[in-house]
Amino acid sequence: MALVRVISSDGAAFLVSQRLAKRSGKLKTEIETFRKSSDNSEAQPEIRIVTIRAEILRLVLQWLQQHQNDPVLPANQNEQDGRGDAEMGQSQWDRDFLAPMDLGIVMELILAANHLEVKGLLDITCKLVESKITGRTVDEIRTAFKLKSDFKGNEEEQTRLENRWCVEN
Amino acid sequence: MATKDEDHEVEHEDKSIEKYPLHRFPVEVWDLIFSHLNNRQDLITCHNTSRAWESIFKDKRAVLFFPEVFPFIVRALDRSDILACRRTHPVWKQAVDIYLQNRPSHFKLDTFYDPCNDEGEDKDEYLRRESFWLKYMYWFESSQEIQHFLLRMTDYAGKNPFISRSLTCLDNKMDPAESSDMWRSAKALVASFGTEIWHCDFVFSCNHNPIHFYKILRHCLNFMPNLRTFEVCYYGDHHLFNYLEIISLEELVRLEPLPRLKSLVKLKVASLPSPVLIEALSRNSLNIEKLQLNKPCPFRNTYEFGQPNRDPPRLTKLEELCMALYSREDLQMLGMTTSSCWPLTTLSLEDLSDDRISLHSLFYTVGRFGETLKTFIYKVSTSNFKKRGATIIGNDPNLRLHLPHLEILKIYAEHVRLGSIDFTLPLVKLKELVLVVEDGGVGGGVGCSGRISPWKGGKGRKAGKVFGGGFPGGSGGAAGGCGASGGSEGIIRFSGYLNKMYDSNIWEILHNLHTICIKVNTGLRPRNNNGHNELVKYSYVRDMYKDYCCGLKQLRIY
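Residue numbers (numbering that gives the first Met the number 0), protein chains in the order written: chain A, 0 to 168; chain B, 0 to 557.
There may be inaccurate statements among the hints.
As the list claims (entries may be wrong) - The calculated DSS-like cross-link candidates involving lysine-lysine, where the alpha carbons are at most 27 Å apart (straight line), are:
no., chain 1, residue 1, chain 2, residue 2
1, A, 126, B, 57
2, B, 430, A, 25
3, B, 158, A, 147
4, A, 147, B, 59
5, A, 131, B, 158
6, A, 145, B, 59
Just so you know, the hints here were simulated from the structure itself, not pulled from any lab data.
The structure presented is a predicted model; accordingly, all values stated were derived computationally and were not measured.
I would like the entire structure built from these sequences, with the hints used as guidance.
Listed below in structure tokens is the structure:
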């Protein structure tokens, strides 16, 4: 089985099958570039992802592993945000996969999924973050994302004034 | 002096600190250090640097990553959700504001409705909604509305009350007193917050004479030095200007010039008196990148009032021009510029002229931008063509469009028959061709009636094509050949091939062509009886794995 070594920003190496790695658009391109530039067809590609740390890369690869037999996602994608157009049904496994995660990690996962061009993962992570904001009050959002109100002085009051005009008009 | 053992110990300690940097200071000190890093990207880099530092940032991820994540989730959020995000955290607020203030919809010129682009209606719907919201956030139509806003902001101690940094003042008053009141209030508004406005749209009613209009405009612009986009429409009927008014206006402009807006990249004007427009363009000639000229042509009055030698301003950064052609003079004006004067990459022209603008003169004029132009969009007004009684265009065998770098060509000529597309022969870099035409009833291949039979879809020919004779074998194309009207075929197989362009030799002639989208008015009765003729759309995409063939991507009947 052809393998590829994927290295995270903090130096952790993951050995995965090329078939699995190619489900990521970015990794697929990198593997193909390596193949073209390498004289030795047996050589094992090594791909360094400088923007993704090990914990997140592991999660992405874990998700890919679980979804390796899914049909290939449609190439047609939203030009605005790079997300897939298809309504992705979220499986129970996906829900269990995301459930224990801190929303900060989920946000990092969104950026990693976008960087590695993994549309399905991008969709489900975005939906999770969206669901924690849509229809919620400011305090509920702060609680969900574990945020403190770091506004200084009367900054919060000014923001409320700015918002009020948009709400009323 | 340290002993050898001590040296060893120090060295060992240094290594351990290097390995565990947290040990050097307590976490609180690291917090303090990182709090001095204002650049979010630096913070993210620190976060990703090591596991030790990552633990310090553990609770800050939702803050750090939100600005990058927000563009992915914003489409699912409605206005109240977005406003709630602004109140959640200062970094979230900043992220939302930066996103809203820099949306491409602020910078986009109006483009013609693209009848071929119906695949992304949902996406466009979102963009329309977003654009509408951004525009209407601070939209004022009366003095009372502006006063109400200023009253609301009495207690406001912040710098910028405009979330989207956009301002629209629409003066549609019939009463001159009301109109004057409104602009008096608008002046007060920009005097208070003008420096915070980046996007501005002013519509002036016909209540103001050109001198009064200019004075208001100049006053307001003086208070808005940071404008990035500016749209202005003046409904004063300048066709009724007399010579003295124009002379007075020119004198006023000379004595009291408009301010230079260093950040202005988009200017959209309609019905502006020529001296004002020329002044606005000249003042900002070094930074304007996008220009939309609606009715009428900017230099027409200059011609009319006897100053034909005045050159168009050198807009050295102008990349995109959208312009309506009301007469041959408008085209002549465009012809006075050169690509080094206006380095256009995108040109959209809408032919609304009553007198005939021939494709020859149009293509000749557009050819002046051949060094830079990559996208050319040409729309022919239906009603004007009906008036002219000319329904077949492009069938002159000598007609050529000399734009060697052109990549996208769109011709919207609904209800107009396009006899031939041989004029595309010099377009060696053309990648995308969009045509909206009438079923010409010309050429063979679709039956003697010339009417296109709607297909049921499917793939075109997949393997090697067979070419007929008479093909010159080069994209330069000989000028000769037969005309395409009345059933004869040009060099490029087009007439009669509308529903089978996969079978045309165009894929061989234009080597870089990737997509053809054709929408044809069949003249059939519509299914839904909505009064429009039935349109059939064909999309062809080159098969990348086989050189000279393509597949019929989709077919829709409207």
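Here is what the structure says about each hint:
1. At roughly 22 Å between alpha-carbon atoms, residue 126(A) and residue 57(B) fall within 27 Å of each other, so this suggested pair holds.
2. At most 27 Å may separate the alpha-carbon atoms for a hinted pair to count; residue 430(B) and residue 25(A) meet this at roughly 25 Å.
3. Between residue 158(B) and residue 147(A), the direct Cα distance comes to roughly 24 Å. Compliance with the 27 Å bound is thereby established for this hinted pair.
4. A hinted pair counts as satisfied when its Cα atoms are at most 27 Å apart, and residue 147(A) with residue 59(B) qualifies at roughly 10 Å.
5. Between residue 131(A) and residue 158(B) the alpha-carbon distance is near 31 Å, which puts this suggested pair outside the 27 Å criterion.
6. This hinted pair checks out: residue 145(A) and residue 59(B) have alpha carbons roughly 9 Å apart, not beyond 27 Å.
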